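**Student:** Here is what each chain is made of, one letter per residue.
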Amino acid sequence: MKKFRDLSKYARTNLKTYGLVIIAFAILFPLQSAGMLSNSLNGQLIPICVYIVLAISLNLTVGISGELSLGHAGFMSVGAFSGVIAAASLQDSVGSEPLRLVFVIIIGGIFAGIAGLLIGIPVLRLRGDYLAIVTLAFGEIIKNIINCLYVGIDGSGLHFSVTDTASLGMSGGRIILNGPQGAVGITKIASFTAGFVLILFTLFVVINLIYSRSGRAITAIRDNRIAAESVGISITKYKLTAFITSAALAGMAGALYAMNFSTIAAKKFDFNTSILILVFVVLGGMGNIMGSIIATTVLYILPEMLREIGDYRMLIYAIVLILVMLLTNSSRAKQMAVSLETKIKNIFRKLKNILRKNKNGSGEVTDNG
Amino acid sequence: MDKMVPYPSGAIVPERDLNKKPILETHHLGIDFGGLTAVDEFSLTVGRTEICGLIGPNGAGKTTVFNMLTNVYQPTRGTILLDGKPTAGKTTAQVNRMGIARTFQNIRLFSNMSVLDNVKVGLHNSIKEGFISSVTHLFGYRKAEKTSTERALELLDFFSMADLAKVQAGSLPYGAQRRLEIVRALATNPGIILLDEPAAGMNPSETSELMENIRRIRDTFQISVMLIEHDMNLVMNICEGICVLDHGKIIAKGTPDEIKSNPAVIEAYLGKKKEAEDNAES
Amino acid sequence: MTLISNLINGISLGSVYAIIALGYTMVYGIAKMLNFAHGDVIMVGAYISYLSTTALNVPPLLSVLIAMVVCTVLGVVIEGLAYRPLRKASSLAVLITAIGVSYFLQNAALLIWGSAPKSFSSIVPFDSISLFGGDLIITSEAIVTVITCIVIMILLNLFTKKGKMGKAMRAVSEDKDAAQLMGINTNFTISMTFAIGSALAAVAGVLLCSAYPTLTPTTGSMPGIKAFTAAVFGGIGSIPGAMLGGILLGVIEIFATSYISSQLSDAILFAILIIVLLVKPTGLLGKAVKEKV
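Residue numbers (my numbering), protein chains in the order written: chain A, 75 to 443; chain B, 5 to 286; chain C, 48 to 340.
Hint data in this document are derived by calculation from the structure and do not stem from the laboratory.
Treat the hints with care, as some may be off.
With the C-beta cut set under 7 Å, the calculated list includes, among others, these residues of chain A facing chain C [unchecked claim]:
id	residue
1	A211
2	N218
3	L400
Partial list, derived from the structure: chain A residues whose beta carbon lies under 7 Å from chain B [what the hints assert, rightly or not]:
id	residue
4	V279
5	R287
6	S288
7	A301
All values reported here derive from a predicted model rather than from experimental measurement.
Think of the CB as a built atom: it goes at the ideal place given N, C-alpha and C, for glycine as much as any other residue.
Put together the whole structure using the sequences plus the hints.
**Tutor:** Spelled out as structure tokens, the structure:
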């Protein structure tokens, strides 16, 4: 009985998270189908799904595994562009759009996962600040390389070049990736339903992973690396597990993202995008999956709803980021917050007293509390 | 307590272990830190079910020995044979899987995890659950989790801690944290467990309970216990063999009675007789 | 001739990186934190210098001084408000805060000065030197930058080796608690380090924009990251290391741009950083610190 209650405690939090996503979809999907959503919100549905997946997956690296990665947009980018190439290659052979989208997302995930593996093996030996700066560097490298990449497709298959479109040596066919201009002529096949399913998939993978043998190992390494090693846990293996899973999910999100636009350039997936995702994770609470979902949705929609503050959006993000870090990590700030809370509570209590006394018909208000 | 008897090599082990291969042997072990020799010529044999004490003044290099035995530091010289197999070039995690577990002088728990999960992390390598079953919670996940939870509770019960299973490890009182570290180490199913100052910060009643527990660990799991401790009462009471370290070198090995009367040990702990006299005169 | 000209350009750019890297390395050495916002202090310095010459008609040299003063104050304020409360927090928390500060500075600059690039006019008053009948042109900016860099390096070395404050800094970087017990005001020492680092950032900002005259709110971020790379390359915490790393990085960047690909030069630079960190994680002149168990 006791064990059952223990299980249900985890289950409750997780059910809430799944429930939140499902309910949101159940409300939004009919509205969208009936064309009752405003244009701007309608256009944001898929990007929000994408960023929710990105935030959850980054939370796995930063919150659960405790490694600061500043190159998450890089994996998104790998997923997006491998997805674009896959979509173009499958355009004729796979007629059904939803099925093609599934293939595209899977391929995006696989390539991003491979990138995660290649980057993770050398990088995860580093710690803390160095790891952060190297993931940043990798994000920039990926961006630079894709900026130089030219890909085309014709009857004889895919052609690659790093110089220009002319050197692709194609007979007819069409260009898929055009260097700094990025991917062009994408057939938009992304859908809100696909975004919803991808969020559910991400939740399933990440939450299951957390409450498992691998998840315990990952958290143990975060809490105390040396102790984890001393009980026989391979540090590299589990750091890589978290990193690759996170990268693959980001790649899937990236692929879906690319399928929502007709053109997309590598510079979209830069350092600023990585930071944006990090802001979602930090504000939602490190390691808190539901927090990531809520923070992403709110921070994504809010600036659009408050057009006036549009220019101040990033400034406000920055200030909120700093304040959240100070409030959650500084002992003095914590004390201040607590004393502020008691002060506010006192004021409320006094107000209540005053109200009560007025009700009792006593004109004089004396309060020593 | 069994009589200590010599192996053919000269190392002494409890009589009951004589016919078994020693669990741990080190030969001429040494380590340098930036030209400074921290430990040198450390040769020791520990019997299969021996309780062995490693004592010495502060800074003698005791924890460094533990760090070398668990490959946290790679020794500069010498060899370590764990259950007859050399551990050179292995990682700390690999050495643990070969059968050596430890606790730390400054407690290192996974303080944000529950007591139960701390032990389950210790059981990591005895749980059969791959990445796929981790992610899907299918393919034997439930069975693996159930078995490991039961095993973890059994181990916690050994130290009467089963009722604390859901408590966050970091919020446990000090003594309980030390006990949990031992349980976690035992969960890795070691052949020898190294305890780094297990009685530090404990009151006399806790200490005597600990002594009882250490004997119970040895008797129940039939493993060897090696401990660093400053509490001489504890060391002399439960250790069968004692090794005294001073300035990184072994200055004495033997039974508690031999150690108690060894002049070199007395000198290391109390200073030279002549110095003491000089101090008395001035 | 192009080889020599590239080399000179590389050393000049590298000198700017070196000056920025000094700020990173000093702060990292003493506060054990990666001050991500350092690059944006450069940008602020450049804007201040730009505005005081264009709007207030201040002579160039004085504008540099004003920029230095403003940046010094800015550095100390950032440290006091954002970093000091987190002295005992995890490095992850401090790093995220620093990223927040960096974002704050960039976006504040965007709101104040707009996104349109300002064309910065060089503060160096004399002409470039033409050698070998015009085959080799050494820009005056390059000369000034390299000389400034050398002077700063010598002064800083003297300061940390001889001065009382410098000794305090070295003590704090070795062991903060012990230094405090010896009566050193660690908070003041850390503030001073930020002050010096930020003043240097202002100088670097002016020199950078004199050589590459477009100024936008994000001008500082890439050079900032590259300078950090330089600091890591040379061995973080080491002053000569920052110098060496900066100059090497500048030369590599210019060579990569002119001989391999201008688009890939950043990728090459970062690839080198990664290789260095993997082969020698402490950098070229850094010291290894063993974790205590």
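**Student:** If a hint holds in the structure, say so; if it does not, say that too.
**Tutor:** Hint check:
1. Satisfaction of the interface hint for A211 (chain A) is found here, the shortest Cβ-Cβ separation to chain C being roughly 4 Å, below the 7 Å cut-off.
2. Nearest Cβ of chain C to the Cβ of N218 (chain A): about 4 Å, under the 7 Å cut. The hint holds.
3. A hinted interface residue such as L400 (chain A) counts as satisfied when its beta carbon comes closer than 7 Å to some beta carbon of chain C; here the least separation is about 6 Å, so the hint holds.
4. The restraint placing V279 (chain A) at the interface with chain B holds, with a minimum CB-CB distance near 5 Å, inside the 7 Å limit.
5. Interface hint status for R287 (chain A): upheld, as the beta-carbon distance to the closest one in chain B is roughly 4 Å, under 7 Å.
6. With a cut of 7 Å, the hint placing S288 (chain A) at the interface with chain B holds, because the nearest CB-to-CB distance is about 4 Å.
7. Checking A301 (chain A) against chain B by beta carbon gives a least distance of about 4 Å; that is within 7 Å, so the hint holds.
Violated hints are absent here; each numbered hint is respected by the structure.
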